[in-house]
Amino acid sequence: MSGYFAGVDIGSSMTKVVISGEGVVASVIGPTGPEHRKLAHKVMEEALRQAHLGFGDLTYVVATGYGRINVPFADRQVTEITCHAKGTHSLLPSARTVIDIGGQDSKGIKINDGKVAGFVMNDKCAAGTGRFLEVIADALAVPLEKLGELALSAPRPAVISNTCTVFAEQEVIAQLAGGESVPNLIAGIHEAIAARIFGMVSKLKIEREVAVTGGGAKNIGLVRALEARFGYPLLVPPEPLITGALGAALVGKEAYERAIRRGETLERSKTGLREATFFS
Amino acid sequence: MAYVIGIDIGSGFSKAVVCENRVVLSSAVVPSGGNYGEAASRVAKAALEGAGLSMADISFTAATGYGAEAVAFADRSATDISCHAAGIHHLFPSVRTVIDIGAQFSKAISLDGKGRITNFVLNEKCAGGSGKFLQLIARILHMKLEDIGELSLTATRPVQFTTGCAVFAESEAVSRIAEGALPADILAGVHMAMASKIVNLVTRVGLARDCAATGGGAKDRGLVRTLGSELGVEVLVPEEPQVSAALGAALLAPVGL
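Sequence order for the protein chains is A and B.
So for the first sequence, the numbering used here puts the first residue at 391; every next one is plus one.
So for the second sequence, the numbering used here puts the first residue at 996; every next one is plus one.
Errors might be hidden in some of the hints.
Below, simulated DMTMM-like cross-link-like pairs (lysine to aspartate or glutamate); rule was C-alpha separation at most 20 Å, straight line [what the hints assert, rightly or not]:
#1 K514(A) <-> E1119(B)
#2 K593(A) <-> E561(A)
#3 K608(A) <-> D528(A)
#4 K1120(B) <-> D513(A)
#5 K428(A) <-> E1174(B)
#6 K1139(B) <-> E1235(B)
#7 K1192(B) <-> E1225(B)
#8 K1192(B) <-> E1234(B)
#9 K500(A) <-> E597(A)
#10 K1192(B) <-> D1107(B)
#11 K514(A) <-> D1070(B)
#12 K1192(B) <-> D513(A)
#13 K1109(B) <-> D1070(B)
#14 K505(A) <-> E617(A)
#15 K1120(B) <-> E561(A)
#16 K536(A) <-> E524(A)
#17 K608(A) <-> E535(A)
#18 K660(A) <-> D447(A)
Keep in mind that the hints were calculated from the coordinates and are not lab data.
Please work from the sequences and hints to get the whole structure.
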């Protein structure tokens, strides 16, 4: 079945767009910015440019994520749990448990036969989300991207007893003043986050293989700390940020193919690709 | 004349109260800083100066708080929970529930008619229910901590925070400010979020009247008022809510001293 399907995943920090044809033909990640609706179309434009397509070439567009209702050019909105499950399943068919570590939340998703079989989420507490890492990176004046490798280089992870981001930050600064090294502190923080995430995901009946997605999956130190908790290797897709958008594109493709089989027409969004306004 | 001093070394602030015959002569509050031993000397000196006395005049020293062990010159020490209870019972004998809102810890304490502790719970895990939250918000509003209470009372449209987490609320507050929300309304919203967490603590020990608030957070009149309306009771507050535990420590002095 030919045709191009787009998935738009509007997260609290990053907006991701995937255009899928016979395979992924374009994927773009851009900042969400303070008003979701204003930047989604820009990321879509960039994706279309990369795919050498026009908006009219797209057969169907699905939006997901935190800001999915603010994508006026999307034909359908689908929850991110469904999209993450579908996207991860297509990239890593053996994954039965997915841990998604985003900028402001973290989730655990069970997948059975490519369908969501259970999920848990923390979006109430900054600890256990990407935000915790940002706060610590700031406090230690280390770029976010360097945290992982620094953690891996630590000879002895510090023990951080506070589970709250605010108090852990204080504790890190106090330990730093007391002479503890930056790598040891970063490693200690990764262990704290891993413990917290592991605790959350354990509420599901964890089945291998376990995959990690989202921005947190790009942090090798965090992945290793999680692996130490689980006791076995975890799978990480090559571009862990796009699983939601990919899943959204695939959901769109399936919906379209189903409609064709039934001889139905899917309703499309009436708005073209443009910046969202107050009215839509 | 026997002068006694009670010293409470908290994670944020150190407090001292000088008493004579169980009457408060003077008190002092100073930031603890990183060295609790030094903070103890500093706060004792400040309180003594306020009473026109020196350490040589003191017959008895009692210590309490997170850093009580650092008060090397103490004759006795006691837990801050028991000192809060003793201090509040002395000031308000009718109180049966005490809410202590510190910089890092919040506690709910149940007392009997004699001021003895019958139950307590504490939150030390989450900044959202502690004075720290107030400090974070005061900072982004460029306000002094001691001014936020008064301003919050003027709120007409309290901001509804979607989160109880101090970290997420801080970001949310920044967005709301960018959208034009007034500082008073931000503060009122923060008070609501904090009150929610504190009410949970109180529910765990069971609310019994009368109810009092103590600790630095009790100096925030807006927070106290919000707590009162969420709990459905009037919340009593001592004139110097930060020094209740130091007072309780001073009251540990043997009778007849």
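Taking the hints in turn, this is what the structure says about them:
no. : hint                  : result
1   : K514(A) <-> E1119(B)  : 17 Å, holds
2   : K593(A) <-> E561(A)   : 28 Å, violated
3   : K608(A) <-> D528(A)   : 18 Å, holds
4   : K1120(B) <-> D513(A)  : 17 Å, holds
5   : K428(A) <-> E1174(B)  : 16 Å, holds
6   : K1139(B) <-> E1235(B) : 18 Å, holds
7   : K1192(B) <-> E1225(B) : 11 Å, holds
8   : K1192(B) <-> E1234(B) : 24 Å, violated
9   : K500(A) <-> E597(A)   : 8 Å, holds
10  : K1192(B) <-> D1107(B) : 24 Å, violated
11  : K514(A) <-> D1070(B)  : 45 Å, violated
12  : K1192(B) <-> D513(A)  : 17 Å, holds
13  : K1109(B) <-> D1070(B) : 24 Å, violated
14  : K505(A) <-> E617(A)   : 24 Å, violated
15  : K1120(B) <-> E561(A)  : 13 Å, holds
16  : K536(A) <-> E524(A)   : 11 Å, holds
17  : K608(A) <-> E535(A)   : 8 Å, holds
18  : K660(A) <-> D447(A)   : 15 Å, holds
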